[in-house]
Amino acid sequence: MRKILHHVHATLFAVLFVSGFLLHFSILRGPLSSYRLLLMRTHAYAGELFTAVIVVYGLYLLSRHSLGWKRKTYRRFVKIAFLILVAWVVSGWVLLQKTAWGPVPTAYSFELHRWLAYTSVPILLWHVWATWRKPLPDSLAGTRRRFFGWLAAAAGGAWGASLVWRFQERNRPQDVKGNVNCDVFLPAPEPAKDSLPPIGGGMQGKFGEYSAMNFLPCLHHDTWRFSIDGLVNRSVSFRWEDFVRLPRKVQVSDFHCVEGWSVFNITYEGLKVSDLLEMAGVRTEARYVKFYSADGQYADALTLEQAHMEDVMIVMLMDGRPIPRVLGGPARLIVPKMYAYKAVKWVTRIELIDQPYLGYWEYHGFETDAWVGIY
1123 MRKILHHVHA TLFAVLFVSG FLLHFSILRG PLSSYRLLLM RTHAYAGELF TAVIVVYGLY
1183 LLSRHSLGWK RKTYRRFVKI AFLILVAWVV SGWVLLQKTA WGPVPTAYSF ELHRWLAYTS
1243 VPILLWHVWA TWRKPLPDSL AGTRRRFFGW LAAAAGGAWG ASLVWRFQER NRPQDVKGNV
1303 NCDVFLPAPE PAKDSLPPIG GGMQGKFGEY SAMNFLPCLH HDTWRFSIDG LVNRSVSFRW
1363 EDFVRLPRKV QVSDFHCVEG WSVFNITYEG LKVSDLLEMA GVRTEARYVK FYSADGQYAD
1423 ALTLEQAHME DVMIVMLMDG RPIPRVLGGP ARLIVPKMYA YKAVKWVTRI ELIDQPYLGY
1483 WEYHGFETDA WVGIY
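Counting from 1 along the sequence shown, just add 1122 to a position and that's the residue number in this note's numbering.
Keep in mind that the hints were calculated from the coordinates and are not lab data. Keep in mind it's a predicted model, so treat the numbers as computed, not measured. Beta carbons are placed, not taken as given, at the ideal position from N, Cα and C, and that holds for glycine. Be aware that a few hints might be false.
Said to hold, decoys possible - Distance condition first, Cα-Cα at most 25 Å in a straight line; then the derived DMTMM-like pairs of lysine to aspartate or glutamate: (1) LYS1201 to GLU1170; (2) LYS1394 to GLU1432; (3) LYS1394 to ASP1476.
Unchecked claim - Taking CB as the label site, the calculated pair distances span: (4) ASP1305 to LYS1125: 49 to 59 Å; (5) GLU1233 to ALA1314: 46 to 56 Å; (6) LYS1315 to ARG1198: 55 to 65 Å; (7) VAL1358 to ALA1314: 46 to 56 Å; (8) LYS1201 to LEU1318: 45 to 55 Å; (9) HIS1129 to GLY1324: 25 to 35 Å; (10) ASP1351 to GLY1152: 43 to 53 Å; (11) SER1396 to LEU1181: 56 to 66 Å; (12) VAL1177 to LYS1315: 52 to 62 Å.
Let's have the full structure, built from the sequences with the hints guiding it.
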C-alpha cells in the first residue's frame, strides 16, 4: 500500500512539475498556445488529485507509525516538506477558486505558488539523493538508481533552465534596429496633474513581461501611425505628434491576467475608445471593434457595447510614465473588467466590423467574453 501511494504521489508531482514549468516559460507561450488551456486544466486536475493523495498518504503513514521520528534529520525534512506542501496546496486551491476569493488573494497566492515551485526542487533533489543512498537488493538497486537519476536530472535541468531563462529575460539586449531607440517616442506625452503624482497612489504588483509571438516590435515616432477604419463614416489616421496631443482621460484600474497574477491601483492616462469611435463615426451595420497589434499577428475584438464601456481606453501613460515597450507601449488597449489577453499591446489600428472575430487566445480555446472571474 505504501509503495503504491508513494508511486502515485511521485507521478502526480511529476505531472504538476512538468505542466507548471511548461506554463511558466514565456518562450513557450507561442509554440504551445494550442495546448495552453489543456495544460492549465491538467495542472489544476493533477493538483486536486495530488491533494487527495497527500491526505491519504499522510494518514496511512501516521497510522503505521512509519515516519522514522527517531532520526533528527528526517524529522526536520518531514516538517519542512509538510509545511511547503500545505502552503503549495492552499495557494493552488485559492488559484482554482479565484472567482470566490477575488483578485487580491489570488495575486498573492500566484506569487507564493510560483516561489514554492522553485523552493521544492532542492528539497526534491535532497529526497532523491537520500533515497538513492539506501541499500537495496542487487536486483532492484540498478533500476531504482536509474529512475531516481533521471528524476533528479529532469528536475534539476528544468529548475536550472528556468533560472537561466529568467536571468536572460532581465538582461537581454533590446532588439534595436540600427541606431533607432525603440523605447523613446518624441514628443513624450506630458502627464496630467492626476497622473503624476498618480491619484491611485502607485501601482501595486508586478507585470508579467512576455509576448505570445516571442518578440517585441521595434516602432519609431517618425513612422508610427494610428488608424480607425472599416465600417466608419470617415477613416481617421494620426501621426504620433498628433495622437499625443489628443485630449486624454485619467482613471485608476486594476489589471488581471487569466493565469492568476494581478497589478492593482494603476493610474492610467489615455484616450477613451468611445471618444475615438465618435471621431470616426460608427456606421449602423457595425457590430464589433477589432484591435490590431503592430507585431502584425496579434489582434482581438470587443462588441460595440463593450468597446463603449467607460473604462476601455488606449493608454499611453501608467502612473505618469510612458508605457515601456515590453508592456505594450507606446499605446496599449486596456479592458479592466476583462482578463489581460483582451488588452492588445502595441495597438496601432481599430477596425469596425460586422462579424464576430476570434482573437489569438480565443482561437486556442479561451473565452471570447473574458470577464474577470469566469476562470
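Is it true that the CA of LYS1201 sits at most 25 Å from the CA of GLU1170?
-> OK: LYS1201 and GLU1170 at ~22 Å, within 25 Å.
Does the Cβ pair GLU1233, ALA1314 satisfy 46 to 56 Å?
-> violated (32 Å)
Within 25 Å, alpha carbon to alpha carbon, are LYS1394 and GLU1432?
-> holds (7 Å)
Quick one: are LYS1315 and ARG1198 within 55 to 65 Å, going by C-beta?
-> Holds, at about 57 Å.
Cβ separation of ASP1351 and GLY1152, checked against the hinted range 43 to 53 Å | The hinted range 43 to 53 Å is violated for ASP1351 and GLY1152, with Cβ atoms some 28 Å apart.
Determine whether the Cβ-Cβ distance between SER1396 and LEU1181 falls within the hinted range of 56 to 66 Å.
-> holds (58 Å)
Do HIS1129 and GLY1324 keep their Cβ atoms within the hinted range of 25 to 35 Å?
-> violated (50 Å)
Check the following: the C-beta atoms of ASP1305 and LYS1125 are separated by a distance inside 49 to 59 Å.
-> Holds: the Cβ-Cβ distance is about 57 Å, inside 49 to 59 Å.
CB of VAL1177 to CB of LYS1315, is that within 52 to 62 Å?
-> holds (56 Å)
VAL1358 and ALA1314, beta-carbon distance inside 46 to 56 Å?
-> Given a distance of about 23 Å, which is not inside 46 to 56 Å, the answer is violated.
For the pair LYS1201 and LEU1318, does the Cβ-Cβ distance stay inside 45 to 55 Å?
-> With a Cβ separation near 49 Å, LYS1201 and LEU1318 satisfy 45 to 55 Å, so the hint holds.
Given pair status - ASP1476, LYS1394, alpha carbons within 25 Å | Satisfied, since the Cα-Cα distance of roughly 21 Å is no more than 25 Å.
Figure legend: structure checked against the earlier numbered hints; hints not met, in rising order: 5, 7, 9 and 10.
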